[in-house]
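Build the full structure now, drawing on both the sequences and the hints.
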Amino acid sequence: MNIHEYQAKQIFAKYGVPTPRGIVANTPDQAVRNASELGGKIWVVKAQIHAGGRGLGGGVKLARSLEEVGQFASEILGMTLVTHQTGPEGKLVQKVYIEEGADIKDELYLGVVLDRAKEMPVIMASTEGGMEIETVAHNNPEKIIKIAVDPAIGFQGFHGRELVFGLGITDPVEQKKFISFASKLYKLYMENDAEMIEINPLIKTGTGDFLALDGKMGFDDSALGRHPDIEDMRDISEEDADEREASRYGLSYISLDGEIGCMVNGAGLAMGTMDTINYMGGTPANFLDVGGKANAETVAKGFEIILKNPKVKAIFVNIFGGIVRCDRIANGILEATKMVNVHVPVIVRLDGTNAVEAAEILRNANIPNVIAADDLADGAAKAVAAAKGE
Amino acid sequence: MSILVNKDTKVIVQGFTGKEGSFHAEQCLAYGTKIVGGVTPNKGGQVHLGQPVFNTVSEAVQATGATVSMIFVPPAFVADAVMEAADAGIELAVVITEGAPVRDMQAAKSYATKHNMKTIGPNCPGIITAEECKIGIMPGMIFKKGNVGLISKSGTLTYEGANQVCREGFGISTAVGIGGDPIIGLSYKQLLPLFEADPETHAIVMIGEIGGDLEIQAAKFIKEHITKPVVAFIAGQTAPAGKRMGHAGAIVSGGAGTAKEKMEALEAAGVRVVVSPAEIGKAIAEVLGK
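Listed in order, the protein sequences are those of chains A and B.
As numbered in our numbering, residues 1 to 390 make up the first sequence, in order.
As numbered in our numbering, residues 1 to 290 make up the second sequence, in order.
Each hint should be verified, as a subset may be incorrect.
[Unchecked claim] Across the chosen pairs, the derived CB separations fall in these ranges:
| # | chain 1 | residue 1 | chain 2 | residue 2 | range |
| --- | --- | --- | --- | --- | --- |
| 1 | A | 130 | B | 197 | 44 to 54 Å |
| 2 | A | 87 | B | 264 | 25 to 35 Å |
| 3 | A | 365 | B | 32 | 30 to 40 Å |
| 4 | A | 180 | B | 76 | 29 to 39 Å |
| 5 | B | 30 | A | 374 | 20 to 30 Å |
| 6 | A | 374 | B | 19 | 27 to 37 Å |
If you're looking for bench data, these hints aren't it; they were derived computationally from the structure.
This one's a predicted model, so the numbers in the text were calculated from it and none came from an experiment.
A virtual CB, placed ideally from N, CA and C, is assigned to each residue, including glycine.
So this is what it looks like as structure tokens:
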């Protein structure tokens, strides 16, 4: 789960990680009130969406008067912001963050992510703040410092020294400030079961202070149960409505661009099914894992969600029955076709336990648009042909 | 022969009396697995599925001599269960549970390693030595005995692969579902040498997916150390970047962990890489010269 910049900064503040002062607003009037409450002469009006690259898309503006704050807020609120991370459809901006202007002397990068190979969190830092870290990693990998921290010992002095010397911070007072910043960031990463924190840019001010000018956080979904305060920060308008509805029924759904709807048990086989359709010259319309309990209700829900997509021209149901027997799944599929009006051809491949009985059930039911397939290759080929109207 | 487990392996079940634990322990017993007891706190002294129940893993190990534990406890208790098993001297923990927090697994795996305990999973179907010992939730009947070893991140692709291998007239020595989480126990790199050393395994099927770099590590290892033919499939060639594809670890992030880079690395290591899981069986028939 991801959160907004203003929410990440609330967590930063709780841990004493310095940020510019700011207040979130839902309306232009509120934005102006926030700005006057913050005081000063310069404010930044920032669109709150779960995607990077907001500045380039016109979602971050510097205001030099309260009038400008109101003007920019009304321009940004309600706009559909397109950045390289939103996809071409963009994201609707519903909140703006009004922040006091900062005196920027240097822009750095600081982040914490899980290093899967080392199996521990790694702190990443760079002097190339304000740029995409992936770009820096690609063009100037030597400009990224990576420091793995073993949670068994936590953030130690030497980790801090490696960071400041690596970044070329030489003033002892600044060194101390930066190390304190990084150690607090590591602490909040661990204590909140974060998956990713990114501060880009982290700025050094004219007075030698370090401030998180931006803040991005993602969390381990499996650990949200023990962080109700973070779960409360969930913004459902940022999530795909179909994916969300599917998850309520224990289905894992992701929509794609193609024409063949897929319903599969197991995430690996679901990806393998998409790959096979692609290999045979078709295009998958979605990823859908119905999980271990493919029954009439979940299959019906799956049909419903797949068919919401008007591009779908055929559906490939690919189930490898293990503990759940195929004959029961076949009956479930037949029942589901009665519950939902399935107007496209449905290719059904059931393999595994009791597959022969299942094929018999499908044949005897004799539903015109339900086509039985023998195996994965046969099913994918039939689905591709059906989508092409063959 | 086989790897890690066989007909003599003594197994206990943590979370023995729960719904999932009971159902699958019963299936394993029916398959012939030597389940010699189980652990459920405060149910010590009871008998469940004809086997003794203990309050702690330590008691269970002392009383039964079990060396393997199959873990079915709820996600929030997985780390505790793994560490308890390691502390009690269990040699191999097979963690079926899905949804354990990453931070918990990090700590648990690090502790298990310190105690020389191997871990399989979490979020996996388990391990099976065909017609001898099934420790997990896979349908036993599709694994006919034979000379192909199988390692897979995905449960249903394990079944798909094994089923195709058997339909081609071959069979499985041992199949290991290693799980699809960001941090897992035994991986390709640790399992490949075991299959290489097993005289009954003549070829290996390796099924991976997007996310992380375990398959890349495997490719390097194969190039240097594995002489037996390897057939590989990597799921997620058509998966969009930045999206988590069902498994917690199946995500291409920052452009890394793509199916393409993994397939290329494996091909460069001399592995027979198939683009669809539908070709696993045929590829095995080819490399084994049928």
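Structure-based check of all given hints:
The given range of 44 to 54 Å is respected by residue 130(A) and residue 197(B), whose C-beta atoms sit roughly 52 Å from each other. Separated by about 27 Å at the C-beta atoms, residue 87(A) and residue 264(B) satisfy the suggested range of 25 to 35 Å. Taking 30 to 40 Å as the suggested C-beta distance range, the pair residue 365(A) and residue 32(B) conforms, at roughly 37 Å. Take residue 180(A) and residue 76(B): their Cβ atoms lie about 33 Å apart, and the range 29 to 39 Å holds.
Under the hint 20 to 30 Å, the C-beta atoms of residue 30(B) and residue 374(A), about 29 Å apart, fit the expected range. Against the hinted window of 27 to 37 Å, the Cβ-Cβ separation of residue 374(A) and residue 19(B) comes to about 35 Å, which satisfies the hint.
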